[in-house]
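Could you put together the complete structure from these sequences and hints?
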Amino acid sequence: MRGAALFLVAWTLALPASTGAAEYARIAGGSFASVLPPDGKSAPAQVAPFRLRTLPVTNGEFLAFARTHPQWRRDGIASIFADGQYLAHWTGALQLGDGQRQQPATHVSWFAAAAFCESEQARLPSWYEFEFAAAADATRADARGDPAWRERILDWYARPSTAALPDVGNGTANVYGIRDMHGLVWEWVSDYASLMVSGDNRDQGDPDLLKFCGAGALSTQDRENYAVLMRIALLSSLKAADTTANLGFRCAKDDIQD
Amino acid sequence: MIFMTRVFAALALFLGATTVQATSPEPAAPLPGDSVYQLDAVLTDQRGHEFKLADLRGRPVLIAMFYTSCKYVCPLIVDAMVRVERALGDAEKKDMHFVLVSFDADHDTPQTLAEIATQRHLDASRWTLTRTDAASVRKLAAVLGVQYRATTDGGFNHSSIVSLLDQRGRIVARSTRMNEADAELLQAVRRVLAAPVSAQR
Numbered sequence: 001m002r003g004a005a006l007f008l009v010a011w012t013l014a015l016p017a018s019t020g021a022a023e024y025a026r027i028a029g030g031s032f033a034s035v036l037p038p039d040g041k042s043a044p045a046q047v048a049p050f051r052l053r054t055l056p057v058t059n060g061e062f063l064a065f066a067r068t069h070p071q072w073r074r075d076g077i078a079s080i081f082a083d084g085q086y087l088a089h090w091t092g093a094l095q096l097g098d099g100q101r102q103q104p105a106t107h108v109s110w111f112a113a114a115a116f117c118e119s120e121q122a123r124l125p126s127w128y129e130f131e132f133a134a135a136a137d138a139t140r141a142d143a144r145g146d147p148a149w150r151e152r153i154l155d156w157y158a159r160p161s162t163a164a165l166p167d168v169g170n171g172t173a174n175v176y177g178i179r180d181m182h183g184l185v186w187e188w189v190s191d192y193a194s195l196m197v198s199g200d201n202r203d204q205g206d207p208d209l210l211k212f213c214g215a216g217a218l219s220t221q222d223r224e225n226y227a228v229l230m231r232i233a234l235l236s237s238l239k240a241a242d243t244t245a246n247l248g249f250r251c252a253k254d255d256i257q258d
Numbered sequence: 001m002i003f004m005t006r007v008f009a010a011l012a013l014f015l016g017a018t019t020v021q022a023t024s025p026e027p028a029a030p031l032p033g034d035s036v037y038q039l040d041a042v043l044t045d046q047r048g049h050e051f052k053l054a055d056l057r058g059r060p061v062l063i064a065m066f067y068t069s070c071k072y073v074c075p076l077i078v079d080a081m082v083r084v085e086r087a088l089g090d091a092e093k094k095d096m097h098f099v100l101v102s103f104d105a106d107h108d109t110p111q112t113l114a115e116i117a118t119q120r121h122l123d124a125s126r127w128t129l130t131r132t133d134a135a136s137v138r139k140l141a142a143v144l145g146v147q148y149r150a151t152t153d154g155g156f157n158h159s160s161i162v163s164l165l166d167q168r169g170r171i172v173a174r175s176t177r178m179n180e181a182d183a184e185l186l187q188a189v190r191r192v193l194a195a196p197v198s199a200q201r
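Protein chains in written order, with our numbering: chain A, 1 to 258; chain B, 1 to 201.
Hints in this document: simulated from the structure, not taken from any laboratory. All figures in this text were calculated on a predicted structure; none of them were measured in a lab. All clues stand as given, with none of them false.
Facing chain A, from chain B, some residues (calculated, C-beta under 8 Å):
id	residue
1	34
2	35
3	36
4	38
5	138
6	142
7	147
8	157
Backbone N, C-alpha and C define an ideal beta-carbon position, used for all residues, glycine too.
As structure tokens, this is what we get:
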């Protein structure tokens, strides 16, 4: 009897510190004027209803994932899936540095981010999903027309990146209850690699035109939204195995209609 | 005493059994960290046969991504691969594997793949045309460095790259020359085919 009680206590103590499921907010989606129109001109993007994590994935969460998925450990990962800086900021393969637990997980490659999302029955958001959710502020689903809002975001990006990363969750929630879409870390999306690929089906014909449209692909409406242009420029420059100190991620799920 | 003898006997039998197993084909050496076959993906070929990407291990592979309803560029990709095939001798051809993976997870099926294989008279003993799930398409494109985007009419705009994988799945050459013979690619194929057996496992 005492043995059983001791066993129960030991088992409880062995449970990971956070067993709570990550919080996802529902976003109804809809028609959306994207900076990257699907037809390369002006067609709105159609964003199906989806759910998005309210916060970026933290180092603590990624550690729990690495513990149970040894092929994604820093000392176990295949070189095709991440560069030499993968999780470089941790003090050990399964060891966080002081204060890192609640900071957004960075130094993660696209492959690792995708694998983490799969481990919680989720996926990376698409560019359109991210852009849609990021257009919102605390009171408006689409704050992009407000120059003061755009300025604020640019101010955040002007902050030097040598400062320690804040914890997740300190930003103001937008109308969907989602935080930290701006100014904390850049974030992976599932289709980062194709942002500058033409969406126009007439470009299929000429093989020499398969390279990218560049500025022609960006909608004239939003050329003033420098923050989103910076995001596109960064994501387009990446390869799937790349990791950086300012690039993290969060996960998305399809929306299951109840 | 008798009990211990029985234990020893059982142990001996067990060890004997495992020793027998140990003399059957040795397990393959671990994959190199930069092998494309590190990616877990399940492909379905033009005969409806499912297999793991890593099952391609053992022969050099020329691999490209395409889709069957692609009218203009994809035939050129096949042309580029056929050009290499035709330049090889019979013995060389036998050791090569030509693999195509479709971008179109929603519409490409064994039937659509088989149609292309028939149309282009692709030898089934070395051409494998496949489809896989959308998430694996994205990951495979990522490891091969192929960019693609769905167009509004159900097609895809995509880069055209033919990649040469060695017997262990490492990318050793790439070609973006779809319109003309690529002598460097052919040389790379010959080099990989000629590699010593010990480097191939």
